[in-house]
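*Asks:* The chain contents come next:
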Amino acid sequence: MRFSAQVFVTLKPTVNDPQGNAVLGGLHALGFESVETVRVGKYLTLTLDAIGESAAKEQVDSMCERLLANTVIESYEVEIESA
Amino acid sequence: MPSRFAIVVFPGTWSDVDWHHAITNVLGVDAEYVFHKQSTLAGFDAVILPGGFSYGDYLRPGAIAHLSPVMRSVIDFAAGGGPVIGSCNGFQVLCESGLLPGALMRNRSLQFRCHPQNLLVERAATPFTSLSSVGDILSIPVSHGDGNYYVDPEALALMESKGQIAFRYCDPSGAVTEDANPNGSLNNIAGITNEAGNVLGLMPHPERVVERELGGTDGLLVLHSMLESLHEHVG
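Top line first, the protein sequences correspond to chains V and R. Counting from 1, position 52 in the first sequence corresponds to residue 51 in numbering that gives the first Met the number 0; the numbering is continuous, with no gaps. Counting from 1, position 83 in the second sequence corresponds to residue 82 in numbering that gives the first Met the number 0; the numbering is continuous, with no gaps.
Keep in mind the hints are simulated off the structure, nothing from the lab. The beta-carbon is built from N, C-alpha and C at its ideal position, and this holds for glycine as well. Hints may contain errors.
Said to hold, decoys possible - If you want the footprint, here are the derived chain V segments under chain R, 3+ residues with CB under 8 Å: (1) 21-34; (2) 47-61.
As the list claims (entries may be wrong) - Here are the simulated EDC-like cross-link-like pairs (lysine to aspartate or glutamate), alpha carbons at most 16 Å apart as the crow flies: (3) V/K41 with R/D151; (4) V/K56 with V/E32; (5) V/K11 with R/D151; (6) V/K41 with V/E78; (7) V/K56 with V/E35; (8) V/K56 with V/E76.
Stated by the list, open to error - Residues from chain V that keep clear of chain R, each with C-beta distances beyond 12 Å, as calculated: (9) T13; (10) V14; (11) T44; (12) E73; (13) E78; (14) E80; (15) S81.
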C-alpha cells in the first residue's frame, strides 16, 4: 500500500531558536504585536510503500530518529495518510 | 615509518586544500585526499575532516555526510584509538555521526562569522594539544554560520567533569566572556573531545594559521601536537 507521510521537525522547547526570535521581531515590526512566540522548523513530505499504516509510521519514525531529525536538539511529529 | 594523514573530501568540502598544504608543505608530512565513497582508511595514521558545506548543508550541516561510506571507516578508525580531527563542518559531521556528543546549531546572531578568534586551551592532555599548556591563549580564525554548540545539561555536566572541553572562546586576556563568544555556544565551547580523547571537533580553523604570511602560526601547535603523538604511538 502507498502512503504519504508529513514530517514536522522543530527545535525542542528547551532549545533557543534565534531564527524564530528574528521572525518574531519582524512580525512585531509589521505591527503584529499580538504574536508572542515563533518557532521555525522544517516540513518534509514523503511517499512510501508499506503493508499498513502502522508499519508506515514505524518506518518514518525510524527515518526521523536516524536522519530527518537530530534528536539532540529537535523533536518530530509524523502524520500518515494513505495515498 | 613516516606518518600519513588522510584528508576526507565530501562534495562541498572546501578546506581540504588548505589542510593538504598545511600538512605536506608546512609540516612536511605525507597527506592524501580520501573521497567520501572510499570505504577504507588502511595505511593512514590520522584522519582530518575539513571544513566546508558537505552536501550543501542540506537538511542539517553534516547530516548527509555522516552517512557516507568513508564515515563507517572513520568510526572504526576512531574506535581503534586513531586520532581524528574535525574542524568546522568536520566538527558538525563528527557530532552527526555520534563520535562526539551534542549538536551545532545556527549562530545565535544568525550571522556568518569569519574573523580571528581567541581560544583558551582547557585541556593539554590530548593528541591535539599536547604541546600547549592549560590556560594558553591561541588565535585561530572562525568561519561559520552554524557553530552554536548545544548539548543537554546532564551531558554537558558529564563532559565538563570528564575534561572533554578542549577549547573555549575567550577574550585577548583569556577571560571566557559572553562578548568573546562568536556564536552562542554553551559555556563558550569551541572544541571538544570524545571521552577517550582521540577525537577532537572544533569550529575554528587551525589549518588557516600555519605560516606568518597567513597572519599567524598558532594552528601549528595543533598540527605539531598531532605529529608528536603519532611518533610517540609508533616509537
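*Asks:* Once the closest CB in chain R is found, is it more than 12 Å from V/S81?
*Replies:* holds (26 Å)
*Asks:* For the pair supplied as a hint, V/K11 and R/D151, confirm whether the alpha-carbon distance does not exceed 16 Å.
*Replies:* Judged against 16 Å, a Cα distance of about 11 Å means the pair holds.
*Asks:* Tell me if chain R covers the segment 21-34 of chain V under the three-residue, 8 Å CB rule, please?
*Replies:* This one is violated; 1 residues, fewer than the three required, reach chain R with a Cβ under 8 Å.
*Asks:* Verify that the Cβ of V/T13 lies farther than 12 Å from every Cβ atom of chain R, and report whether the claim holds or is violated.
*Replies:* violated (8 Å)
*Asks:* Is the Cβ of V/V14 more than 12 Å away from each Cβ in chain R?
*Replies:* About 6 Å separates V/V14 from the closest Cβ of chain R, which leaves it inside 12 Å; violated.
*Asks:* Between the alpha carbons of V/K41 and V/E78, is the straight-line distance 16 Å or under?
*Replies:* holds (14 Å)
*Asks:* For V/E80, is the shortest beta carbon distance to chain R beyond 12 Å?
*Replies:* holds (23 Å)
*Asks:* V/E78: least C-beta distance to chain R exceeds 12 Å?
*Replies:* Answer for V/E78: holds, closest chain R Cβ roughly 19 Å.
*Asks:* Straight-line Cα separation of V/K56 and V/E76 no greater than 16 Å?
*Replies:* holds (10 Å)
*Asks:* Tell me if the straight-line CA distance from V/K56 to V/E32 falls inside 16 Å.
*Replies:* violated (39 Å)
*Asks:* Mind checking the alpha carbons of V/K41 and R/D151 for me, to see if they're no more than 16 Å apart?
*Replies:* violated (21 Å)
*Asks:* For V/E73, is the shortest CB-to-CB distance to chain R above 12 Å, so the non-interface label stands?
*Replies:* Per Cβ check, V/E73 is inside 12 Å of chain R; nearest 8 Å; violated.
Violated hints, listed in ascending order, are 1, 2, 3, 4, 7, 9, 10 and 12; each of the other numbered hints is respected by the structure.
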